[in-house]
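Undergrad: Assemble the whole structure, with the sequences as input and the hints as a guide.
Below, each chain spelled out in residue letters.
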Amino acid sequence: MPSFVIKDKCDGCKAQDRTACQYICPNDLMVLDKEKNKAYNRAVDMCWECYSCVKICPTQAIEIRGYADFMPLGATVQPMRSTDSIMWAVRFRNQQIKRFKFPIRTTPEGSIQPDAGFSSASGDLKDPHLRTEPDSLGTELYRK
Amino acid sequence: MNPGQFETIIIETDLLILGGGMAACGAAFEAAHWAKQHNLKVTVVDKAAMERSGAVAMGLSAINLYLGLKNGKNTIEDYVKYVKNDLMGITRGDLVANIARHVDSSVHLFEKWGLPIWKDEEGNYVNEGRWQIMIHGESYKNIVSEAAKNALKELGDNGKYYERIFITEPIMDGDRCVGAAGFSVRENKFYIFKAKAVLDVMGGAVHIFRPRSVGEGLGRSWYPPFNSGASAYFTLKAGAEMTCQEVRFVPVRFKDSYGPVGAWFLLFKAKATNAKGEDYMVTRAAELEKWAPYGTAKPTPANLRNYLMMQEVEEGNGPIYMRTDEAIKEVVANIPDEKQAKRKLKELESEAWEDFLDMTISQALNWAAHNIMPEETPSEIAACEPYFISSHSGASGAWISGPEDLAKGDKFWGYANMSTVKGLFAAGDASGASSHKFSSGSFTEGRIAAKSALAFCVDFPDPVSFDETKIEVLKNRILQPLLTFETHKEFANDVDVNPNFIKPKMFMFRLQKIMDEYAGGASVGFKTSKALLEKGLEFLQYMKEDSEKLAASDLNELMRCWENVHRMWQAESHIRTILFREETRWPGYYFRTDYPEMKDEWECFANCKWNPETGEWEMKRREIEEF
Numbered sequence: 001m002p003s004f005v006i007k008d009k010c011d012g013c014k015a016q017d018r019t020a021c022q023y024i025c026p027n028d029l030m031v032l033d034k035e036k037n038k039a040y041n042r043a044v045d046m047c048w049e050c051y052s053c054v055k056i057c058p059t060q061a062i063e064i065r066g067y068a069d070f071m072p073l074g075a076t077v078q079p080m081r082s083t084d085s086i087m088w089a090v091r092f093r094n095q096q097i098k099r100f101k102f103p104i105r106t107t108p109e110g111s112i113q114p115d116a117g118f119s120s121a122s123g124d125l126k127d128p129h130l131r132t133e134p135d136s137l138g139t140e141l142y143r144k
Numbered sequence: 001m002n003p004g005q006f007e008t009i010i011i012e013t014d015l016l017i018l019g020g021g022m023a024a025c026g027a028a029f030e031a032a033h034w035a036k037q038h039n040l041k042v043t044v045v046d047k048a049a050m051e052r053s054g055a056v057a058m059g060l061s062a063i064n065l066y067l068g069l070k071n072g073k074n075t076i077e078d079y080v081k082y083v084k085n086d087l088m089g090i091t092r093g094d095l096v097a098n099i100a101r102h103v104d105s106s107v108h109l110f111e112k113w114g115l116p117i118w119k120d121e122e123g124n125y126v127n128e129g130r131w132q133i134m135i136h137g138e139s140y141k142n143i144v145s146e147a148a149k150n151a152l153k154e155l156g157d158n159g160k161y162y163e164r165i166f167i168t169e170p171i172m173d174g175d176r177c178v179g180a181a182g183f184s185v186r187e188n189k190f191y192i193f194k195a196k197a198v199l200d201v202m203g204g205a206v207h208i209f210r211p212r213s214v215g216e217g218l219g220r221s222w223y224p225p226f227n228s229g230a231s232a233y234f235t236l237k238a239g240a241e242m243t244c245q246e247v248r249f250v251p252v253r254f255k256d257s258y259g260p261v262g263a264w265f266l267l268f269k270a271k272a273t274n275a276k277g278e279d280y281m282v283t284r285a286a287e288l289e290k291w292a293p294y295g296t297a298k299p300t301p302a303n304l305r306n307y308l309m310m311q312e313v314e315e316g317n318g319p320i321y322m323r324t325d326e327a328i329k330e331v332v333a334n335i336p337d338e339k340q341a342k343r344k345l346k347e348l349e350s351e352a353w354e355d356f357l358d359m360t361i362s363q364a365l366n367w368a369a370h371n372i373m374p375e376e377t378p379s380e381i382a383a384c385e386p387y388f389i390s391s392h393s394g395a396s397g398a399w400i401s402g403p404e405d406l407a408k409g410d411k412f413w414g415y416a417n418m419s420t421v422k423g424l425f426a427a428g429d430a431s432g433a434s435s436h437k438f439s440s441g442s443f444t445e446g447r448i449a450a451k452s453a454l455a456f457c458v459d460f461p462d463p464v465s466f467d468e469t470k471i472e473v474l475k476n477r478i479l480q481p482l483l484t485f486e487t488h489k490e491f492a493n494d495v496d497v498n499p500n501f502i503k504p505k506m507f508m509f510r511l512q513k514i515m516d517e518y519a520g521g522a523s524v525g526f527k528t529s530k531a532l533l534e535k536g537l538e539f540l541q542y543m544k545e546d547s548e549k550l551a552a553s554d555l556n557e558l559m560r561c562w563e564n565v566h567r568m569w570q571a572e573s574h575i576r577t578i579l580f581r582e583e584t585r586w587p588g589y590y591f592r593t594d595y596p597e598m599k600d601e602w603e604c605f606a607n608c609k610w611n612p613e614t615g616e617w618e619m620k621r622r623e624i625e626e627f
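Keeping their order, the protein sequence lines are chains Z and F. Everything in the first sequence is counted per my numbering, starting at 1 for the first residue and increasing by one. Everything in the second sequence is counted per my numbering, starting at 1 for the first residue and increasing by one.
Keep in mind the hints are simulated off the structure, nothing from the lab. No false leads were slipped in.
Distance windows between CB atoms, simulated:
(1) Z:P103 x F:E404: 37 to 47 Å
(2) F:L345 x Z:P58: 32 to 42 Å
(3) Z:R99 x F:N493: 48 to 58 Å
(4) Z:E109 x F:E187: 26 to 36 Å
Straight-line distance between alpha carbons at most 30 Å, and here's what the computed DSSO-like set of lysine-lysine pairs gives:
(5) Z:K126 x F:K81
(6) F:K549 x F:K513
(7) F:K119 x Z:K98
(8) Z:K36 x Z:K9
Predicted model only: the values in this text are computed from it and were never measured. Glycine included, every Cβ here is placed at the ideal spot set by N, Cα and C.
TA: Structural data, given as structure tokens:
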């Protein structure tokens with residue numbers, strides 16, 4: 001679909017001023033039905049299946065049902081994302097299941113120092129060296 | 001909703017960065033450092049939320065541009081040669097070299113920030129191909145955006161980030177760009193950003209051509225559907241010269257879900273064949289000689305690989321398969337020890353699935369839905385619909401100044417990455433003729449452009465001014481679709497079917513139909529001609545008139561209205577430039593049936609410009625400098 005919301009699991013992110021899916025969707029598709037207090041995807045045919053809403057949902061209420069105009073029914077791909085890795089469960093139409101786990105990040109969330117320990121460029125604004133160069137290049141900057 | 005109910009908010013800054021993708025993040029990271037030294041303000045405005053904004057929103061499984069200069073692996077000259085050949089000679093060597101000489105620095109930063117990059121036993125990056133390295137990139141964008149936001153924080157009150165604001169119009173003071181106008185997609189607020197320099201990094205353009213899938217799968221474009229031509233519209237409306245607007249990109253990908261093929265071709269060394277198992281790159285090799293010297297050089301340009309495949313399809317030799325099964329069998333067969341072979345098979349399986357799960361999850365779902373095991377079953381590949389993206393193997397974008405020390409002749413005019421409009425800079429998919437920058441190069445080009453734009457701010461320190469009466473005019477024009485809907489909505493029983501207006505979705509479908517059928521889309525085998533293009537232009541003029549009657553029932557639809565106006569401008573510049581270039585140079589992107597051959601006289605850039613004063617389009621050739 002595109003993403004769809006399992007009604008029983010969605011609580012409308014009631015403790016927050018906006019839902020997580022609404023915050024994250026890069027195409028501004030997820031909205032909250034305020035009367036029902038449930039989120040929904042307002043234009044499923046503009047959904048990229050990027051899974052940003054699926055990954056961020058605090059109650060795991062969002063899943064993806066493959067685009068029905070070219071995918072047979074019955075398969076699911078569901079992630080469980082933590083701060084340093086992601087686990088995937090891939091269920092085939094024939095019910096076979098494969099699981100994968102991949103690292104996603106080697107540093108704690110929120111810890112990034114922009115310069116990352118590289119020393120700053122010493123030149124002025126007209127000098128071609130960028131912020132952390134040449135240190136972050138590991139070699140001299142190419143000049144003609 | 002009525003424009004009168006919208007509060008107008010005016011924000012003043014020094015450098016205004018428009019966008020939230022890789023180039024915008026690079027720009028914010030770089031700008032923070034230099035702005036701090038010069039006490040300048042930096043403001044970033046994004047239509048989405050930065051941690052999942054832009055084309056890297058879903059993640060990536062590889063970084064496609066890393067030279068490894070510190071290990072002496074490649075040279076800048078090697079890279080420029082490679083890019084130029086892939087684009088059939090039409091490339092700005094100065095721009096490509098400028099990105100290439102800095103890009104390793106960005107990749108080293110990504111790694112320190114926390115991006116897991118694959119390493120071999122000696123601790124070196126694992127190459128997918130000569131220029132590509134493998135990553136565990138699910139959180140690539142999250143990591144890079146965190147660095148960008150933390151960099152802005154270094155500026156304190158001088159660093160600002162606004163999310164969910166859709167930018168749609170440049171603000172001009174004579175021949176200088178001094179800001180941008182847009183609106184919040186969440187609340188009734190109209191925004192004016194005034195700036196000494198503006199950096200356009202709003203991505204490429206998707207959904208100009210009719211996609212292969214038009215049901216739910218409409219959104220499963222290869223490049224994201226939310227990249228809707230805002231960059232090209234912005235520079236065009238400011239009166240900037242554009243380049244390579246004819247050089248669309250048609251990627252060949254796994255069929256329907258558009259999963260990446262790079263790892264299969266480069267890492268796993270898989271072959272693509274027709275249904276009979278014939279490798280068309282071998283059986284049709286003679287065709288490549290027609291496109292010499294580019295066709296006969298290695299690697300074969302992307303568009304020519306497409307072209308040979310398209311010829312197979314046209315002759316009825318499909319389906320076309322990526323022989324994933326054969327590739328995996330071959331790797332495993334070379335391992336004599338049975339236990340080791342089994343372990344390798346498991347490893348390859350995991351790598352193959354991660355390739356999709358990192359960046360095109362839908363393709364993994366597609367494999368699972370069709371019970372495809374790559375080690376057992378080959379998978380179909382196909383040419384997608386055309387896209388506008390200069391960061392990959394397309395080249396459309398603004399014509400920008402090169403850097404002073406690398407640009408020759410008329411390719412340098414004061415500030416690297418400045419367009420032909422004073423104070424307006426471009427990078428990433430917004431700048432043209434500098435293909436193959438990909439994620440790392442776009443981030444890097446954002447850095448280059450931001451530093452250069454700050455130099456401009458220092459050289460022109462006076463506060464900018466513009467005719468304040470323009471604000472109301474702009475506001476009314478930008479919010480007009482809301483008023484149009486409000487005025488006429490009660491007339492008919494259906495909110496979408498009303499003779500007084502057109503809704504953005506049908507407007508988009510109309511554009512896609514014109515482009516597909518007249519400008520060489522997928523359904524006509526990417527073929528077009530003068531007669532077809534002129535007909536397409538005629539229909540685009542009706543669309544331009546009807547764009548005044550676009551209607552929006554809410555803020556989301558208002559954004560869709562403007563996205564589609566942006567697409568329409570990208571489309572017009574595309575048709576006009578294909579028409580201007582009377583030859584066929586990228587036969588696997590589009591084919592001019594009336595000029596079926598490549599010609600020496602067209603070994604040049606084809607540029608265009610919309611003149612804001614006269615409303616006329618001007619076309620011109622620009623020379624290619626040897627790098």
